[in-house]
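Residue-level listing of the chains:
Protein chains: 2
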Amino acid sequence: MDFKNKLLTKKKKVDEVLKQYFPPKTSLHKTIFESMSYSINAGGKRLRPILALEVCEMLGGKTEDVMPFACAIEMIHTYSLIHDDLPAMDDDDYRRGKPTNHRVYGEGIAVLAGDALLNLAFEIMLGKIISYDFGDNRGIRAAYEIAKAAGVNGMIGGQVVDLESEGKKVSKETLEFIHLHKTSALIEASVKAGAIIGGASKEEYKALEDYARSIGLAFQVVDDILDVIGNEEKLGKKVGSDMQKDKSTYPSLYGIEKSKEIAKNLITRSLEVLEVFDDRANFLRELSKYLAIREN
Amino acid sequence: MDFKNKLLTKKKKVDEVLKQYFPPKTSLHKTIFESMSYSINAGGKRLRPILALEVCEMLGGKTEDVMPFACAIEMIHTYSLIHDDLPAMDDDDYRRGKPTNHRVYGEGIAVLAGDALLNLAFEIMLGKIISYDFGDNRGIRAAYEIAKAAGVNGMIGGQVVDLESEGKKVSKETLEFIHLHKTSALIEASVKAGAIIGGASKEEYKALEDYARSIGLAFQVVDDILDVIGNEEKLGKKVGSDMQKDKSTYPSLYGIEKSKEIAKNLITRSLEVLEVFDDRANFLRELSKYLAIREN
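From first to last, the protein sequence lines stand for chains A and B. With numbering that gives the first Met the number 0 applied, the first sequence corresponds to residues 0 to 295, in that order. With numbering that gives the first Met the number 0 applied, the second sequence corresponds to residues 0 to 295, in that order.
Just so you know, these hints were derived from the structure itself, not from any lab. Among the clues, some could well be false.
Same chains, same label: a pair holds when it works inside one copy or across any pair of copies.
Here are the simulated DSSO-like pairs of lysine-lysine, each with C-alpha atoms no more than 30 Å apart in a straight line [claimed, not checked]:
#1 K233 - K168
#2 K24 - K171
#3 K233 - K201
#4 K246 - K24
#5 K29 - K171
#6 K168 - K24
Isolated chain A (complex conformation):
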């Protein structure tokens, strides 16, 4: 199977499992399930769960063992987008071509839907750990890595500095802090969770950590570039929104050409660290290259 098909197959598998967590409800509080489900099914690429699945499978781990962790990460990612889009934060009306959660359900429900997705992520992981014998504490270790990456010293830390930097010209160090925390941390945690559940050796874990750090940052640099030169239709949102909001980005601090070079170097680095693996890592190699040339 070629890379694009394999990517799509994995995405569909994640989509299917995610749907099972949001069955149609008739209860008093059904609105919140609709709101959570709306954003979960709003067309995400599923990059993070795909990474967790692939890394685990590559190491010989079972898909069903890592799946709850993969879905939990996608829920955390989705909640962060819902809250990021709120009027008090980025104030975005559209995300992936669809009205943002608070535009459909109102701000109050959007806040609660985000909260509920974050909480559900932990419910799902703890539920898996409680009902299934991993033979050691790998389930807890994976959940702990995800918790740290999502928290105040990870993703949320990046969101805070991003929020406080709006309208200011920030240093290159601050911009790297924002990107490494706001975006990379959870991408890294996806790879780590896959590695832990898949039973990676110390050497394998180290290499995968390096890989994740490189593609995580590359992903965000490419995002910044696409916001300047991307195709609006493919992106599902207006280009130039960072500039309009006076957000510091790689292109605004380094220029487009230098930003492209930074992204390219990060991708090269990600391929180098995968050398400890044989052909098993081919999908991850393809994924690196794909992230560099993606259009949305």
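For this one, chain A is given, so just place chain B on it according to the hints.
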């Protein structure tokens, strides 16, 4: 030591440990720590962590074993208040006599501080489970009970129905749903977590579950009553705010006298179910009575 002194001693112990989670920071993202710490230290009664501690200790469990779970519950409670107070939700300017989080730090930071407290709760529990050998899976079981109680089928479910019911006259069933989910669920989880970590037998667990359900609902009914006839200075907020917001409450559906009777019956019930315990449960008995006559 009399009851009030024991209560105060426990509260101080919780206060001290909670403070340790928010050391002063000089990092780029220090604002979020200040904002989290502001609400954590805004004068909460610490009812939930005190319950978890007391139940665990009463059963012969160690304080340090249950403390991270007790603090996690207080963080979840605090995050829910920060989000509840937001303009898009209850739109409250004051809480316990102090400006609400978003009035001090702005709405964006308040959303993130709430998110960060919820996430930190799980980080702390998972960190304890990973670093400490409980000898069985009681740490995970306690964390799972807390996760379920805080989630979409617990506290958040209650918040959703509460939000959607504003300005409407609701049925008694809906009001009970709101109170049981929005308030009772986390109080119940506090008792359950203490019982699980303390190693409760099946019979003890069942009794404590019953106890928690009764005081949880009683707590909220008394809250409703205080909002009508309470002392503003002692409450730290204006009375009549439920009525002003057209919120259905026990007094608005049943009248004050009947509401007082309901609270009294719940307290009586909570004392009855404690009969399986000997003198060990005296503190819990006193706590029940105290909740019925509290003034804030």
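Structure-based check of all given hints:
{"no.": "1", "hint": "K233 - K168", "result": "within (29 Å within a copy, 47 Å between copies)"}
{"no.": "2", "hint": "K24 - K171", "result": "between (48 Å within a copy, 21 Å between copies)"}
{"no.": "3", "hint": "K233 - K201", "result": "neither (40 Å within a copy, 57 Å between copies)"}
{"no.": "4", "hint": "K246 - K24", "result": "between (40 Å within a copy, 25 Å between copies)"}
{"no.": "5", "hint": "K29 - K171", "result": "between (45 Å within a copy, 19 Å between copies)"}
{"no.": "6", "hint": "K168 - K24", "result": "between (47 Å within a copy, 23 Å between copies)"}
Hint check: a violation occurs at hint 3 only; the rest are consistent with the structure.
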